[in-house]
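Trainee: Here are the chains, one letter per residue:
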Amino acid sequence: MIRDVKINSYQFLVLVILFTIGTSILTVPSALATDAKQDAWLAAIFGTGIGLLVIWLFITIALWFPNLTYVQLLEKLFGKWVGKAFSALFVLMSLIYASELLYYFGLFLNIHMMPSTPMVVLSILLAGVMVMGVRLGLETFARTAEILIVVFFVIFFILVAFISPEMKFENIQPVYEMGTKKIVQSSIFYVVVSSVDAVVLLMIFPSFINKMKQVKKSFLLGNLIGGIVIIVITFLSVSVFGVEKTAGEIYPSYELTKRINIGNFVQRIEGLMASLWVITLYFKTTLYFYASVLGMAQILNLKDYRPLTLPLGMIAVVLSLVIYPNVMYQQHWDSTTGNSLTLSIGLFLPLLMVVVYAIRKRTKKKEIEINE
Amino acid sequence: MKKCMFVLLILSLFLTGCWDRRELNELGITLALGIDKVEDEYQVTAQVVVPSEISSKTSTGRSPVTLFQATGETVYEALRKITKISPRKIYPGHLRTLVLGEDLAEEGIAESLDFLSRDWEFRSDFFVVIAKDMTAAEVLNVTTTIENIPANKMFNTLKTSEASWAATNAFILDELIANLTSDGKEAVLTGIIVTGEQEMGSSKQNVESITPSARIEYNGLAVFKKDKLVGWLTEIDGRRYNAIVNEVQNTVTAISCPEEGKATLEIIQFDSKMKGKMNKGKPEVDINIKVKGNVGEVECQINLNDPETIVELEKNTEKEMEERIKSTIETVQKQYKSDIFGFGNAIHRSNPKEWKKIKEQWDEEFPEMTANVKVDVKLVHTGTVGNSFLEEIEGR
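These protein sequence lines map, in sequence, to chains A and B.
Note that our numbering gives residue 143 to position 143 of the first sequence, counting from 1, and the numbers run on in steps of one.
Start counting at 1 in the second sequence, then tack on 372, and there's your number in our numbering.
Everything labelled a hint here was simulated from the structure, so no lab data went into it.
There's no promise every hint is true.
To be verified - Stretches of chain B that chain A covers, calculated by requiring three or more beta carbons in the stretch to come under 8 Å of a beta carbon on chain A:
#1 390-398
#2 545-554
#3 718-725
To be verified - No more than 25 Å apart at the CA atoms, straight line, and that leaves these computed lysine-lysine pairs for DSS-like:
#4 B:K664 to A:K168
#5 A:K181 to B:K647
#6 B:K731 to A:K182
#7 B:K598 to B:K654
#8 B:K728 to B:K645
These numbers were taken from a predicted model, which means no experiment stands behind them.
Beta carbons: idealized from backbone N, C-alpha and C, even for Gly.
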């Protein structure tokens, strides 16, 4: 049943773009400006570069066994029990992040638009659509993404075009004051959020994609396009607001849309602009959730993942309400524990896989030589 | 099942709502806020629109705005206390002007601004001004002509005078906070005063006569050091300040003729570039100003038909502007010792490494530093006439 699902490489590209932009569009400018100051946009460029290397690593690993998902791959490489243990960790991470994004969504609306709506209502609303999307299957939400990416880019270009008159180049000078070391250091957070997190896409790539050849390219290209969007947003935030305000705001890019004022006519359109975040947040959340549900189904050797969607969806909603006591804790957790969690599953585990794969290949060769 | 879904879908079209809904008739739309310090407490004054008075149909001739005032330990507390007097909760989403009292400014404005940047209902597109020699409440208590709503009058006057006179500065909250937090630039704010008989200001009769007894007027530029008011620049110095920081869009300026009398130059294009540099370990800035203008008025004996005269006029203007700007810089350096021009930022941009070293002693460095001013004036045309008829009168 699961096997029949296939999406094409363009749909995958769209999913990668939306995933990469995801939450970064809200939080990354302020995180980068805190450390890299006016060179935040350079940090975003560095981060995108490093991110592409990470994606390349993912592609290499995934293409050893093009028919297996990440969870199956772990089992194949590390054996049944160790593999399942790693997989369980991976599923847990995906589920935590899915509920983290539900929290993000609720928090964003709570802070900026609906302060007295309880967060649980907002979480349930998004989780409902998320569960629905996953139940309908990968093909359906990939097609939805195909439609919504157009909406996203139209609004994004409107934002860029309308805010560009407000740019002040003094705000980004002096360029490269921080030096390479500091800039690369500060870009780590961004690499983790945008690229290392993309390890969950290995649940789709490459086993659910019909044309193998182009898909490699679309993974890299998608990450690059997403990266460019983040670079542009960071550049705009710093050049419009200056360093202090960008670093001080919780959601600088939303503050950007508030600034739009074309001839006292086109103004106060931030409500419309907020659909940018709702679109990208939704797809990132759904992909996390899909990875956790499918991963769990494969660990338990279930034929179909659908029965798991509702219970896990409920868990995600509850988790999103209790996961952080407050916003400051969330920011601290993201940059410490969250970072290590993602890095260990998204970077060190794949590197370990490379080592194990190399050793196994050699012993296999030796076995063949001995037999001969 | 399908029928059920269908009914649900149809219903959801009509039964939509919003948890956070707030209807228009529940909002006390506030267009101007004033913050004062009264005996260690904040006094917040809100100028709230009376909706029935701004529509021409239901208007009964009463005042289009009303004032609510409350004091509290913090700004937010004071603002909420207003609900004791006002039938509607204050909605600051359409705020146009924020007036800060002079007493507050002398003690420091930073604490009172945090709330305005933190609360989600405030947008950062309103102007901030300082009441000169009076409280903010007094400024908000004056009726105005042409613009019915005083807050709009304040907003528009500031905008037009910034655009075509350039002695005032329309600072929005973000710019003010950026200047307050920046290492290499101090804040300034435009001053606002009430002229005439203040007591008459709040009554409707004030605007019923041709010359209102009390008027709101912009006057002077408040100089800050950190977040404390240290003094006032005169209107003339204020214009030169705008020239240095490249805020001039369009203005007119009187210049001396070669012999005697005055002429007026209308500036149509203005561009000022500030560049920092280090000269033998000492900070320096170069200010290069390019002006394009027209001869707008001639009140002296000159022969405009002669190209030489234009050149001479340009030279004179350049020299005069250079001297004036230098004297303003000197006044600020000697009298206020506050780097309102952003010289520090200019040096930070051009010499980031040296800036790190002198950053700590910037307060001592700034009054001593040299500023090289160079003005380049180009006169394009002389209006609709060539030579002035004044010459004809003289020649009779």
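Trainee: Hint by hint, say whether it matches the structure.
Mentor: Evaluated hints:
1. 390-398: holds (count 3)
2. 545-554: holds (count 5)
3. 718-725: holds (count 4)
4. B:K664 to A:K168: Holds, at roughly 23 Å.
5. A:K181 to B:K647: Violated, at about 28 Å.
6. B:K731 to A:K182: holds (21 Å)
7. B:K598 to B:K654: Between B:K598 and B:K654 the Cα gap is close to 23 Å, so the pair holds against 25 Å.
8. B:K728 to B:K645: Distance ~23 Å between B:K728 and B:K645 Cα, so the pair holds.
Checked against the numbered hints given earlier, the structure breaks only hint 5 and satisfies all the rest.
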